[in-house]
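Trainee: Whenever a hint applies, use it, and build me the whole structure from the sequences.
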Amino acid sequence: MDISSVNFESGWKIIKEEAIDKIEKYLDENVVEINNNLFNAAEYTRLYTVVYNMCAKKTPFCYSKEVYRKYGESLSIYAVNKIKPHLKEADNLKKTKALIDAWYKYSFYTNWMNKFLHYLDRYYVEYNSSLCLKAYTKNIFKLTLFDETRECIKSIIYNIYDSMRTSDDKDNEKLFRDIVFLYNELDKESAEKMYESDIEKKILENVETYYNKEGNNWIQNLSFHDYIILIENSIEKEYEKNKSLEVNNDTCEKVTNIIVRILIYDKLNLLLNNKENIYNLLKDNNLNSLRRTYILFSYFSEAIDGLKKIIGEYIKAEGNKLKEKYISLSMSINNNIDAPTYESNKNSNIAEQKNEYILCEYIHDLIKLHDYYHNMFNFSFVNISNNEIDANFKECLKDYFESFVEHEDEYFSTVKLLVLYADNILTIKNNKEDIQLSDAKNDEEGDYVKQEMKTIINTGELKNDYSKIGNKESNIGNLNDIRQIRKENDDADSTCDTNIIETDNLIKKMSDIVAIFNYISNKESFFEYYRIYLANRLINNMYISINVEKKFIENLYFLCGSQYTSKLGGMIQNIINNKILNEKFYTYINRNNSNGEIALPNLTNFDENYENNFFSVKIL
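So in full-length UniProt numbering the end of the sequence shown lands on 620, straight run, no missing numbers.
No lab work stands behind these hints: they were computed from the structure. Note that beta-carbon positions come from the ideal geometry of N, C-alpha and C, so glycine has one too.
Using C-beta positions, here's what the derived DEER-type ranges look like: (1) S129 with E185: 16 to 24 Å; (2) N285 with N159: 45 to 53 Å; (3) K188 with V514: 53 to 61 Å; (4) K325 with I507: 27 to 35 Å; (5) I507 with N216: 47 to 55 Å; (6) N285 with N387: 18 to 26 Å; (7) E554 with N505: 15 to 23 Å; (8) N505 with K267: 41 to 49 Å; (9) E253 with E554: 42 to 50 Å.
Mentor: Put into structure tokens, the structure is as follows:
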């Protein structure tokens, strides 16, 4: 037959005999294979050409409308006559399985026919605002087969999903996946959202019922640590199960939200009222459980607020305990000394109370406490979205540290101790490799100091011999040694970035001091004390490095601005300018003194008494 000028009757006859009958015969006799090449290239080309010649001509020889309707009639007849009789099963489970088999056959049928009739989608569907072939064929399946079986599917969804908690039935899993796939395919061409009303609703009902029942048993019989782990495992288990069943991502998220709501939010008062649950995690340094708790509690602002408050109260209690320990030590020292012992420092000319250097251990312990909780927060309370500590817990750390860090009375001043601690770090020692606190940070002396503090606190006795504890006088060499070290340090600053002065350890100490400084309110007093000690280091040439001093002041500037740090910066700049002038002067002398006519005095032979009389700085 010449297919170039075919009319509707002869053309449809070709389609019916060579395509539809062949497909229906295959479906009746064989198991469906979705990728089966039932038609070869020549057969496909012939059938597509027949459809094209029927639909590409002008009216009245264009039969697009007739082909479109006839295709729908053929599908309806096939569904009613060949498929529907198999859906008469009395059992809902068998009826559902029969519908799934029917869907795969129907899909095979329409996939091939839609290829042959694809020209309809290109022109007829677009110009007549009709359903595309996919939507058209799915709508026929829904009206003729699916709607009558829909209630059967809804009745078994809940039981199938629930049975998979206790058994590993592969057949039920495959059936559930097929049902989900069928609903999603039908929903693509429909605004009815059948998946949400029929499948998702049943899943969420099952999850809520199960965890309401199990949650009450768990919270009564398990420790807080085990309870949190079980919640995490339950969420993971449900997620993996739902992904294996190929349910939608939105459903997985809703299931997680239900579990967290039932096991966390609904039981929040029980979890937070017993503060010892959280305290035990903090005492045991159980970072993983704290991390789990934060993630689960982060679903609800009320839970985060409660967790933040409990952790903050614990930190405050620990901080106050530490502070009271040193306040007691300070009072014990002052109560056991008739008159404060002052000794002049031969190199720095500072009148120092030796007990203040013992109390500097408070700053050291405070820094350790801060580092401990900052590292804990940095691991356990990190916001996944920006990989930074959650803003709530940043605020918690700041607020509660501010509540206990600062203390000022006649015996104990946090501000002054912080300045003394900084002075110890920034002052050059006899051995330039020993850049650490001489009175408390050295391992042996630190142990001795701690033992002394225990003796004082426990017995109320005070040893008047401080020569073994942080004696700055013994740690600073003579004037010539200091000047030599100062010169070597300055040379190292200008030539090497990895010298002993600017080690990571020293920079870390400076950052720690600034972190504690940020928690004190009396910043004016800090800068007043610091200005005096800085002047002492600069005048007596005892500073470790101008670069180190500048970096420390820069850190303070970033927190407080120039109103506090401008004078300090000016002092540093004066030293730098002086050094430049000296270098220029000696360069000039060396250049113009080739004959040795200019004699310079030896300024390195001044005795110590001269320096003590010339430079005198009184520390308040």
